[in-house]
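**Student:** Below are the chains, spelled out letter by letter.
2 protein chains.
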Amino acid sequence: MKRIAESTVRRLSIYLRFLEEFEGNGLATISSDELARRGGTTSAQVRKDLSFFGSFGKRGLGYSVAELRTAIREILGLQREWRVIIVGAGKIGAALAQYRGFRQRGFQIIATYDTNPEKIGRTLDGIEVRDMARLEADIGRDKPDIAVIAVPSEGAQETLDRLVRAGITAVLSFAAAQLHAPPEVTVKTVNMAMELEGLTFALTNKD
Amino acid sequence: MKRIAESTVRRLSIYLRFLEEFEGNGLATISSDELARRGGTTSAQVRKDLSFFGSFGKRGLGYSVAELRTAIREILGLQREWRVIIVGAGKIGAALAQYRGFRQRGFQIIATYDTNPEKIGRTLDGIEVRDMARLEADIGRDKPDIAVIAVPSEGAQETLDRLVRAGITAVLSFAAAQLHAPPEVTVKTVNMAMELEGLTFALTNKD
DNA sequence: GCTAGCTTGTGAAGGAATTCACAAGCCCGC
DNA sequence: GCGGGCTTGTGAATTCCTTCACAAGCTAGC
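Chains R and C, in that order, give the protein sequences.
Read the first sequence against the numbering used here and you will find it ends at 694, with the numbers running on by one and no gaps.
Read the second sequence against the numbering used here and you will find it ends at 694, with the numbers running on by one and no gaps.
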């Protein structure tokens with residue numbers, strides 16, 4: 488398949504959210520224009536995004552909400568369950584483990600991992616906190632699809648290396664660190680400090 | 488000033504992190520090439536990013552770590568303190584309130600806000616949980632620079648509207664919703680579901 | 001003070017993403 | 001079953017961002 492821009496994938500995610508909302512409201516069809524207005528983009532952008540994957544609409548009418556929803560879910564790979572582990576059971580890791588949005592969207596959290604003996608063996612909202620020492624062995628057995636890194640920045644790269652060696656190929660990191668991984672491993676980083684600095688830049692340089 | 492790409496600002500944030508690290512190590516100068524290697528980009532990109540703001544290096548030698556660090560802090564507006572409120576004292580809000588990275592980087596968290604009577608009046612790591620009803624009055628008095636939205640997605644837009652009416656012009660949202668605000672208000676959204684879907688897309692469409 | 005060896009800063013080129021603009025096609029009403 | 005009114009799908013144009021490539025300029029060594 489032709490390479491798809493990351494921005495396109497992000498927008499598909501947004502469209503999907505609206506389609507689910509519309510479906511809840513019983514709406515049958517929707518135009519690229521309406522989808523664009525809600526998603527903060529343009530109708531041409533919506534149509535272009537979809538055009539990379541096929542032709543889902545009916546001219547003169549728009550898109551069937553149910554069909555487009557299914558199509559986007561398929562494109563994003565959301566028609567199946569994904570198995571997730573969370574490495575680090577600190578504040579962020581714990582908040583993530585308890586975050587309901589994950590389960591609602593087909594992400595099954597298998598376990599969290601930590602080195603703190605006081606935490607190991609406990610459960611967070613039904614999710615076991617396991618000994619970090621078992622990480623590799625467990626990955627071999629449980630075969631998670633995705634790992635979330637929620638350890639302090641200093642340890643993030645080492646954690647990533649261990650995950651990669653154990654066979655993980657998709658990682659979401661919350662560490663405020665630039666991580667390096669082989670090209671076959673997809674790493675996404677959510678960096679709050681960076682976002683905040685985007686805001687202070689905007690506040691400082693608005694004129 | 489000429490419009491600066493968001494990607495440039497994000498990279499400046501990354502460079503700054505490395506410069507601080509290098510400074511800790513006592514390094515005096517650094518080349519664009521080294522900065523690029525650490526930051527996962529190219530030396531031309533580093534130089535281009537900096538060139539929008541001035542000329543900070545010495546040909547043949549590179550950049551003074553201390554000077555460049557100061558310059559980037561100034562560009563990003565980090566030479567001053569910023570006053571932050573967190574709206575929503577649930578899991579995410581609480582984790583953010585206790586997140587040390589904020590304070591370390593000059594973000595002073597004034598208060599959090601919630602509607603839950605059981606939470607109101609308590610403190611999270613020294614930060615007061617206040618009644619959401621007081622939001623507008625408090626903003627008028629405390630004049631926070633930045634608001635963080637950590638309420639459930641359903642209430643996010645209404646929260647944003649209230650913040651905007653009260654005079655807030657910079658918002659970081661953790662709600663999984665597309666938010667709309669007037670153009671003079673800068674809104675950044677951290678959407679974990681979107682990031683995860685970027686991963687499942689990559690996992691599904693790798694071939 | 002001169003030369004060799006680097007590294008910056010920056011126009012120009014190239015590439016990627018977005019927007020434009022319109023032909024193609026569908027539906028509804030008559 | 002035909003015409004008017006919409007809306008899609010998509011090449012072309014445009015805008016935005018990144019990479020290239022090299023002149024300019026600094027340092028260190030002799």
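Just so you know, these hints were derived from the structure itself, not from any lab.
Please note that a few of the clues may not be correct.
Pairs involving identical chains hold if they fit within one copy or between any two copies, as the list cannot separate such chains.
The calculated DSSO-like cross-link candidates involving lysine-lysine, where the alpha carbons are at most 27 Å apart (straight line), are [what the hints assert, rightly or not]:
#1 K693 x K578
#2 K630 x K535
#3 K578 x K675
#4 K693 x K535
#5 K606 x K545
#6 K489 x K545
#7 K489 x K535
#8 K545 x K675
#9 K630 x K693
#10 K535 x K675
#11 K630 x K675
#12 K545 x K693
#13 K606 x K489
#14 K606 x K693
#15 K545 x K630
**Student:** The structure should be examined with respect to each hint, and the outcome stated for every one.
**Tutor:** Each hint tested on the structure:
no.	hint	result
1	K693 x K578	neither (34 Å within a copy, 33 Å between copies)
2	K630 x K535	neither (36 Å within a copy, 43 Å between copies)
3	K578 x K675	both (20 Å within a copy, 22 Å between copies)
4	K693 x K535	between (32 Å within a copy, 21 Å between copies)
5	K606 x K545	neither (55 Å within a copy, 51 Å between copies)
6	K489 x K545	within (24 Å within a copy, 42 Å between copies)
7	K489 x K535	within (14 Å within a copy, 29 Å between copies)
8	K545 x K675	neither (35 Å within a copy, 34 Å between copies)
9	K630 x K693	between (48 Å within a copy, 18 Å between copies)
10	K535 x K675	both (24 Å within a copy, 24 Å between copies)
11	K630 x K675	within (20 Å within a copy, 34 Å between copies)
12	K545 x K693	neither (43 Å within a copy, 30 Å between copies)
13	K606 x K489	neither (46 Å within a copy, 51 Å between copies)
14	K606 x K693	neither (46 Å within a copy, 37 Å between copies)
15	K545 x K630	neither (41 Å within a copy, 51 Å between copies)
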